[in-house]
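S.K.: Between the sequences and the hints, there should be enough to build the whole structure, so can you do that?
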Amino acid sequence: LSATDTGRELSITFDERRVCTHFNGAGLFDVKIQATEEIHLAMLSGKMDPDAAFFAGKARIRGSVLTAFRVKNKFLSLVQWHLAREFRAGDGHIRNHCEKGAKNE
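Quick note: the sequence shown uses the numbering used here, first residue 1347, plus one each step.
Be aware that a few hints might be false.
Stated by the list, open to error - The list that follows gives simulated cross-link-like pairs (lysine-lysine, DSSO-like), each with its CA atoms no further than 30 Å apart:
#1 K1404 x K1393
#2 K1420 x K1378
#3 K1393 x K1418
#4 K1404 x K1418
#5 K1378 x K1404
#6 K1378 x K1393
#7 K1393 x K1420
No wet-lab data here; the hints were simulated from the structure.
A quick note: this is a predicted structure, and the numbers were derived from the prediction, not measured.
M.R.: Okay, structure coming up:
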């Protein structure tokens, strides 16, 4: 995820068992979604429909649009579960995960 208003980036990788987050992570990506931080937070929290944001021009996709739409629902459900778990865990901030063998359920 790339914030067009602040320049910050959040790389998210996921598989069937975990979601890993890395702030300002450089590297290869399958899909990059560009929007303001406000739009990203609205989409991730479920307050804004990602399809509507894309078709309204509020979010842009770099990379495979087909891949973005194919994994969207699974991706959002995993991220929303992960975010809810982080906020219940305490400080309400997303932390870097999955670095140097760190486990993340």
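S.K.: It remains to establish, for every hint, whether it holds in the given structure.
M.R.: Tested hints:
For a cut-off of 30 Å, the pair hint linking K1404 to K1393 stands: about 14 Å separates their Cα positions. Restraint check for K1420 and K1378: the C-alpha separation of about 16 Å stays at or below 30 Å, so the hint holds. As the CA atoms of K1393 and K1418 are separated by approximately 15 Å, the hinted pair is consistent with the 30 Å bound. Restraint check for K1404 and K1418: the C-alpha separation of about 16 Å stays at or below 30 Å, so the hint holds.
Annotation: proposed proximity of K1378 to K1404 holds, straight-line Cα distance about 14 Å (limit 30 Å). Among the hinted pairs, K1378 with K1393 is consistent with the structure: their alpha-carbon atoms are about 20 Å apart, no more than 30 Å. For the given pair, K1393 sits about 17 Å from K1420 by alpha-carbon distance, which is consistent with the 30 Å threshold.
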